[in-house]
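Asker: Sequence:
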Amino acid sequence: ASIYWTARKVFPEVITIPGENTRFFCSSRKGTLTTDPFVLEDRLISRHLDLIYIRPDSLQVMLNPFKIEYISSLFHELKSNVTLNYDFKPRCYFDDIVVWSKQYGQKLALSLKFISKLKLSTVFFSIILLMLVVFCVTPALVGRDSKKSSVTYLSTAVIGFSHITIEIVLILSFQVFYGFLYRQLGLLVGAFMAGLALGTLLGEKFSWAKLRKRFNLALVQMLILLILAILYVILNISHLHPMLLRQLPDWFLFPLLAALTGIVGGLQFPWASLVLTDLDVQVERAAGNLYGYDLAGSAMGCIVASIILVPLYGILYTLLFLAILGSCTTVLIVLEELIRSQN
Numbered sequence: 296a297s298i299y300w301t302a303r304k305v306f307p308e309v310i311t312i313p314g315e316n317t318r319f320f321c322s323s324r325k326g327t328l329t330t331d332p333f334v335l336e337d338r339l340i341s342r343h344l345d346l347i348y349i350r351p352d353s354l355q356v357m358l359n360p361f362k363i364e365y366i367s368s369l370f371h372e373l374k375s376n377v378t379l380n381y382d383f384k385p386r387c388y389f390d391d392i393v394v395w396s397k398q399y400g401q402k403l404a405l406s407l408k409f410i411s412k413l414k415l416s417t418v419f420f421s422i423i424l425l426m427l428v429v430f431c432v433t434p435a436l437v438g439r440d441s442k443k444s445s446v447t448y449l450s451t452a453v454i455g456f457s458h459i460t461i462e463i464v465l466i467l468s469f470q471v472f473y474g475f476l477y478r479q480l481g482l483l484v485g486a487f488m489a490g491l492a493l494g495t496l497l498g499e500k501f502s503w504a505k506l507r508k509r510f511n512l513a514l515v516q517m518l519i520l521l522i523l524a525i526l527y528v529i530l531n532i533s534h535l536h537p538m539l540l541r542q543l544p545d546w547f548l549f550p551l552l553a554a555l556t557g558i559v560g561g562l563q564f565p566w567a568s569l570v571l572t573d574l575d576v577q578v579e580r581a582a583g584n585l586y587g588y589d590l591a592g593s594a595m596g597c598i599v600a601s602i603i604l605v606p607l608y609g610i611l612y613t614l615l616f617l618a619i620l621g622s623c624t625t626v627l628i629v630l631e632e633l634i635r636s637q638n
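With the sequence shown counted from 1, adding 295 to any position gets you the numbering used here.
Don't read these hints as lab results, they were simulated from the structure. Ideal Cβ positions, reconstructed from N, Cα and C, are used throughout, including at glycine. Possibly wrong hints are sitting among the right ones.
What the hints assert, rightly or not - Derived lysine to any residue pairs resembling SDA-like cross-links, with alpha carbons at most 25 Å apart:
no. : residue 1 : residue 2
1   : Lys408    : Ala296
2   : Lys325    : Val305
3   : Lys325    : Asn380
What the hints assert, rightly or not - Restraint ranges, calculated between C-beta atoms of paired labels, are given here:
no. : residue 1 : residue 2 : range
4   : Cys623    : Glu315    : 45 to 55 Å
5   : Phe409    : Leu328    : 31 to 41 Å
6   : Tyr348    : Ala618    : 46 to 56 Å
7   : Leu535    : Leu415    : 20 to 30 Å
8   : Pro313    : Glu336    : 16 to 26 Å
9   : Phe409    : Glu499    : 43 to 53 Å
10  : Gln470    : Ile340    : 34 to 44 Å
11  : Ser622    : Lys412    : 20 to 30 Å
12  : Lys304    : Phe547    : 31 to 41 Å
13  : Thr329    : Leu521    : 48 to 58 Å
14  : Thr317    : Ser375    : 17 to 27 Å
Build out the structure end to end from the sequences listed, making use of the hints.
Answerer: Shown next, in the form of C-alpha cells:
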C-alpha cells in the first residue's frame, strides 16, 4: 500500500497486477494503462510483438478483474494508515523487515510495529538515556580503574555508534542519488577502512599535542559534528538539485566522506588510550576495554540506525540525532576535564 500511494503522489495513473509478486505500472499520462486483457491482446497483435512468456491466454489469468478489484479496494482501505516512502525516509525498507520478521514468529513483528508508533522525541530521549546509563554503570562493568574514565569509554562507544551510522547513511544516500550501489560498495567500505587506518596513524603521530588529552577527545567529537554538518548540507542541496551531484564522478564525493569519517574515528582509539594511561590504567586493560566499547557502539549503531532511525525518521533526522548525541558527549568531556583540573 505504501508503494501504491507513493507512486500515486507522483504519477496520475497507477495500476497494480496481483500475483506471486505484485506488479506496479505507472504512467505520466492518463488513459495509457489498462487492465483489460482484450485491449492488451489487440496491442500485441497490432505491434507485432512476439513474446515468449506473455500470451493472450495468460493475460486473461493475470488480469483477473476480481483480483485487481480486491487489491485496489485493499489499498484504499489502508490509505489512512499508510506512510509514504521517500528517498531520505525509506519506510518500505522498514515494512520489508516487518514482513520477513514474521517468518520467525509474531513477537518480533509486533515489537517492530510497536517501535514504529513511537514518536521521534521518545526514541531520541531513550537512546540518550541509555547513553547516560552506560556512563553510570561503566565503573561496575570495567572495574575500579574506570572510576575516573567513564567519559572516555562513553565517548569511544559514541564514536563507534556515529561513524558506523554515517557509513550506513552514505551507502543509502549513494543508492538514492546514483541509482546503483553494488559496484561501488567495495569502494565506500574500503575508503572508510582506509580512513580508520590513516586516522589511527595520525592519532599516534600527534598524540603529543599540547592540548589536554581529554580535550583531544572533545576535538574528535567536534570533527564528527563538522562531518555531519557537511553531509547535511550536501544532502539537502543535492535533494533539491539532484543533477548537481551527478556532475561529480561517482567515485569521488561519497568515498571521500567515508574516508574522512574513518579518519576521525581512527583518531579516537590512540587518544583515548593516552587518557587512560594518564589515569594509570594498565595498557592491556585500556586497549581491551576501549575496543569492546567501540564494537558495542558500532553494533548498536548498525541495529538502531538501519532498523529504526533511517527507515522511520529519515536520513536527515538521523544526522540531527547524531549531532545531538555528539554534542552531549562533548559537553560531558569538557565538564569532566574542568572538574578534574579544579581538583
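Asker: Each hint: holds or not?
Answerer: Results of checking the hints against the structure:
For the given pair, Lys408 sits about 16 Å from Ala296 by alpha-carbon distance, which is consistent with the 25 Å threshold. Restraint check for Lys325 and Val305: the C-alpha separation of about 13 Å stays at or below 25 Å, so the hint holds. Only pairs whose Cα atoms come within 25 Å are accepted, and Lys325 paired with Asn380 is accepted, the gap being roughly 23 Å. The beta-carbon spacing between Cys623 and Glu315, approximately 49 Å, falls within the hinted interval of 45 to 55 Å.
A hinted range of 31 to 41 Å holds for the C-beta pair Phe409 and Leu328, which are about 38 Å apart. In this structure the supplied range 46 to 56 Å holds for Tyr348 paired with Ala618, their Cβ-Cβ distance being about 51 Å. Remark: the range hint 20 to 30 Å for Leu535 to Leu415 is upheld by a beta-carbon distance near 23 Å. With their beta carbons about 20 Å apart, Pro313 and Glu336 fall inside the hinted range of 16 to 26 Å.
Separated by about 46 Å at the C-beta atoms, Phe409 and Glu499 satisfy the suggested range of 43 to 53 Å. For the hinted restraint 34 to 44 Å between Gln470 and Ile340, the CB-CB distance of approximately 40 Å keeps it satisfied. The hint said 20 to 30 Å for the Cβ distance between Ser622 and Lys412, and at roughly 28 Å that hint holds. For Lys304 and Phe547, the hinted distance range of 31 to 41 Å is satisfied, since their beta carbons lie about 32 Å from each other.
Between Thr329 and Leu521 the Cβ separation comes to about 54 Å, which falls inside the hinted range of 48 to 58 Å. Range check, Thr317 to Ser375: about 20 Å between beta-carbon atoms, so the 17 to 27 Å window is met.
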